[in-house]
Every structure is written in C-alpha cells, then in structure tokens.
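Asker: Residues per chain, in single letters:
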Amino acid sequence: EAGVVQSPRYKIIEKKQPVAFWCNPISGHNTLYWYRQNLGQGPELLIRYENEEAVDDSQLPKDRFSAERLKGVDSTLKIQPAELGDSAVYLCASSFQPQGTQYFGPGTRLLVL
Amino acid sequence: SQQGEEDPQALSIQEGENATMNCSYKTSINNLQWYRQNSGRGLVHLILIRSNEREKHSGRLRVTLDTSKKSSSLLITASRAADTASYFCATAEIQGAQKLVFGQGTRLTINP
Chain A
1 EAGVVQSPRY KIIEKKQPVA FWCNPISGHN TLYWYRQNLG QGPELLIRYE
51 NEEAVDDSQL PKDRFSAERL KGVDSTLKIQ PAELGDSAVY LCASSFQPQG
101 TQYFGPGTRL LVL
Chain B
1 SQQGEEDPQA LSIQEGENAT MNCSYKTSIN NLQWYRQNSG RGLVHLILIR
51 SNEREKHSGR LRVTLDTSKK SSSLLITASR AADTASYFCA TAEIQGAQKL
101 VFGQGTRLTI NP
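Chains A and B are the protein sequences, given in the same order. All letters in the first sequence, in the order written, are residues 1 to 113 by our numbering. All letters in the second sequence, in the order written, are residues 1 to 112 by our numbering.
Chain B extracted, bound-state conformation (with noise of 0.2 Å):
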C-alpha cells in the first residue's frame, strides 16, 4: 500500500520557472523524503526532513512540512532540463514496520 498521494501527477514547465509538488500522508511520521527517479535509472536521494523540522533548503531544492495538515511540498527553483524526472515522496511511519511508503510520484519535464 501506498500512502502519500503527490500532487499533480504530471507537471510541465518551462526552463528557468519554479516547480512546486505537493505530498500529502495519512499516519504520524517520523521523517518525510524526497527522491528522483530518471527515466530508466534508480532512484536517488534528495532531501530528508524530521517530524520536528518546517522548512529545510539543499541547493535549489526548498522543502516544507506541515505535520498538523500531514503534508510536505518540494520546490526546485530556476529549472533546468536537467530536472526532468519523476520525483516521489516516502513517509517513514512511526507505528508498523520501521519501512519507508513511497507515494506514486508526480513526472516533470522541464522545456528548454
């Protein structure tokens, strides 16, 4: 089972433009993560955020996470072509299996 629901499902936007993708959880978390995933490839770690953090910055990448509304937002600023990928979130649940639950994931492409 999967439970975060990212928001859109598919994005596309043009080179130098901010992209905003939401996810969206339904039980208490320990930490909140977000991955890309290019076409073809693995996936790769881009950012962790603890159950007691708001915001959190790596690079061009901006995470939120609002616990009261259980759901998390990544922002990539000043797009690239680069940037084209699917991008998931995975909740790490704090009852159950010490596991992470990784939502369906939203796709951005990025146009040059």
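Extracted from the complex, chain A is given alone in its bound form (with noise of 0.2 Å):
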C-alpha cells in the first residue's frame, strides 16, 4: 500500500513568488493534515480537513496561505507571496480518526532566498 505521497520534494524560490505543494494521503484516511516544520523543531499544524472541509485552520496565516482538497481525497497548500521566514519543510499528513496515529509524508523542503 503506498504511504502518503507529497510534491515536490524540494522547492527553492525567490521571495514575493508563490509557490503551491501537493499532497496524497493514504486511500480511506478522511482526515489530512498540513504542518510546518521549522529546523530543530517539531511539527507545527498549519490546517486539518475532515473530508473536504477545512475544520481547524487556525494557525493557518490567511494573509499568504491557502488551502484546499477538493473531492476530499489530495490537497494542495499554496503561499502567495513567500517570505524568507517561510523556509520550512512542510510535512503533509493523513490519519483514519482525527486523534490516531498519523502517516506522513516525506515533506517538501522549501527554501525562500
């Protein structure tokens, strides 16, 4: 069975360009999650969807970060426009029930120079 699949896996860009990640969770997982990692950190929740609906975005920054997963099955998480404070992995995640174990992905590593 193939784990949660994420891209790309590595993302070098200016600042003030946008810049989008994809993510695939694991068939049957209802609930994704987005996070941020910052370097010798632990994750950090960006946004969490049941299904298709976003029902935790609170620590989303809603000014640059956007997100969505139409058909409640892949997800797409954008920044428009990238800070250099934006350089981050950004780990997607899906689970079967919101509190069980989560599978993640291998992340997207990004660099905004």
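Keep in mind that the hints were calculated from the coordinates and are not lab data. Just so you know, not all the hints are guaranteed correct.
Claimed, not checked - Derived CB-CB ranges, DEER-like:
#1 B:Arg50 / A:Ala2: 25 to 33 Å
#2 B:Arg54 / A:Ile12: 42 to 50 Å
#3 A:Leu113 / B:Thr67: 41 to 49 Å
#4 B:Arg80 / A:Leu113: 36 to 44 Å
#5 A:Leu39 / B:Thr64: 26 to 34 Å
#6 B:Thr64 / A:Leu113: 40 to 48 Å
#7 B:Glu55 / A:Leu113: 47 to 55 Å
#8 A:Pro81 / B:Asn52: 46 to 54 Å
#9 B:Glu17 / A:Glu50: 40 to 48 Å
#10 B:Ser39 / A:Pro81: 27 to 35 Å
#11 A:Val55 / B:Leu75: 32 to 40 Å
#12 B:Ser51 / A:Ala54: 24 to 32 Å
#13 A:Gly3 / B:Ser39: 12 to 20 Å
Said to hold, decoys possible - Which residues of chain A face chain B? A few of them, derived with a C-beta cut under 7 Å, are:
#14 Leu45
#15 Leu91
#16 Gln99
#17 Thr101
#18 Phe104
#19 Gly105
#20 Gly107
Every residue gets a Cβ at the ideal spot worked out from N, C-alpha and C, and that includes glycine.
Join the two chains into one complex using the hints; note that each chain is given alone, in its own frame.
Answerer: Given below as structure tokens:
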C-alpha cells in the first residue's frame, strides 16, 4: 500500500514568488493535515481537513497561505507571496481518525531566497 | 503552540546502551504518541499509549505514562546505530480541537 505522497520534495524560490505543494493521502484516510516544521523544532499544525472540510485552520496565516482539498482526497497548500521566514519543511499527514495514528509524507523542503 | 516538552534536547550514547527520553505536557489528554524522524524524512509512528494505560511495550520500545505528573518516557533498549534520529512526543488533548500537538523533540545519536 502506498504511503502519503508529497511533491515536490525540494523547492527553491525567491521571496515574493508563489509556491504550491501537493499531497495525496493514504487511501481511505478522511483526515488530512498540513504541518510546518522549522529546523530543530517539532511539526506545527497549519490546517486539518475532515474529508473536504477544513475543521481547524486557526494556525494558518491566511493573508498569504491557502489550502484546498477538493473531492476530499488530495490537497494543495499554497503560499503567495512567499517570505524569507517561510523557509521550512512542509509535511502532509493523514489518519483514519482525528486523534489516531498519523502517517506522514516525506515533506517538501522549501527555501526562500 | 507546542504542548509537549522533551528532555533532553539531545542525547548521545554508545551502541548497546539504553536510551531514555522524557516528555512533559500541560493539559489533560486522550492519548500520547511517540514518533521518530530520520534526517530529511517524514515522521514515523512508533507507539500510542492511552490515558488509562500506564505502560506499553513494542519490541525494544517501552513507553510509560504518568497522568498525575503529566509526563511520559520512551525507553529504547539495546540501542543500534539505526536508532539515530529525532524522537517526538505528541499529545491528543481532551479539550479543544481534536488534534495532536507535537513537542520539540529529542535528538538521539547512537555511536558505534
């Protein structure tokens, strides 16, 4: 069974440019998460979806970040415009239940110059 | 915000020794989970312990939970070089949003 798939694995952009990340969760997992992980830190939740509904986006910087999960399967996370402080690893995870075991993708390492 | 605080932040031991990492948290929880992250990779789930459990084993892993002290420990016995990674605890809070909150992690290095 395929795990959580993310692309791209690496992205280097200049500040003020847009960037998008894609995630395909494990089949059958209704809950999907986007996390940001800064160097030496644990993951911090940006947004959580239950099917196609964003049920927790309290930590998402809505002035520049947006996300969608059309059809309740794969999801995209967008940053526009990117800032230097957005450099981090963006992790996608999915789970069968909201507080159950989460399965993580390999992440997208973003570097904003 | 991060609820769990791991201790120590970094740990370096010799192969074959046991490694113990601790996690403290602040609010009441449904469960506590431990994850491992190898460099440049995503997190991998290791073990989940529910609030009504005190100890759980999985292979060379032993997890304890003390809800009265709001703390948990992860013990890795007979460590191997492949255990070198960062280890994170994550708490599933009872109140508020139904989500996991991760700590800052312990960086474990196993020296051959």
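Asker: All the hints need checking, so say for each whether the structure fits it.
Answerer: Hints and how they fare:
1. Our hint of 25 to 33 Å for Arg50 of chain B and Ala2 of chain A holds, since their Cβ atoms are close to 29 Å apart.
2. At roughly 48 Å, the beta-carbon separation of Arg54 of chain B and Ile12 of chain A lies within the given 42 to 50 Å, and the hint holds.
3. A C-beta distance of roughly 46 Å is found between Leu113 of chain A and Thr67 of chain B, which places it inside the suggested range of 41 to 49 Å.
4. About 39 Å separates the C-beta atoms of Arg80 of chain B and Leu113 of chain A, a value consistent with the hinted range of 36 to 44 Å.
5. The hint said 26 to 34 Å for the Cβ distance between Leu39 of chain A and Thr64 of chain B, and at roughly 30 Å that hint holds.
6. At roughly 45 Å, the beta-carbon separation of Thr64 of chain B and Leu113 of chain A lies within the given 40 to 48 Å, and the hint holds.
7. In this structure, Glu55 of chain B and Leu113 of chain A meet the distance hint of 47 to 55 Å, their C-beta atoms being roughly 49 Å apart.
8. A hinted range of 46 to 54 Å for the beta carbons of Pro81 of chain A and Asn52 of chain B is consistent with their spacing of about 48 Å.
9. Against the hinted window of 40 to 48 Å, the Cβ-Cβ separation of Glu17 of chain B and Glu50 of chain A comes to about 43 Å, which satisfies the hint.
10. For the hinted restraint 27 to 35 Å between Ser39 of chain B and Pro81 of chain A, the CB-CB distance of approximately 30 Å keeps it satisfied.
11. Here the CB-CB span from Val55 of chain A to Leu75 of chain B is close to 35 Å, well matched to the stated 32 to 40 Å.
12. Checked against the hint of 24 to 32 Å, the C-beta distance between Ser51 of chain B and Ala54 of chain A comes to roughly 28 Å, which is consistent with it.
13. The beta-carbon spacing between Gly3 of chain A and Ser39 of chain B, approximately 18 Å, falls within the hinted interval of 12 to 20 Å.
14. For Leu45 of chain A, the interface hint holds, since its Cβ comes within 7 Å of a Cβ in chain B; the closest pair sits about 6 Å apart.
15. Hint status for Leu91 of chain A: holds, given a least beta-carbon distance of 6 Å to chain B, under 7 Å.
16. Interface hint at Gln99 of chain A: satisfied, since its Cβ lies 4 Å from the closest Cβ of chain B, which is below the 7 Å cut-off.
17. Proximity of Thr101 of chain A to chain B holds as hinted, the smallest CB-CB distance being about 5 Å (cut-off 7 Å).
18. The closest approach between the C-beta of Phe104 of chain A and any C-beta of chain B is roughly 3 Å, which is under the 7 Å cut-off, so the hint is satisfied.
19. The interface hint given for Gly105 of chain A is met, as the beta carbon of that residue sits about 5 Å from the closest beta carbon of chain B, less than 7 Å.
20. Because the closest C-beta pair between Gly107 of chain A and chain B is about 5 Å apart, less than 7 Å, the hint holds.
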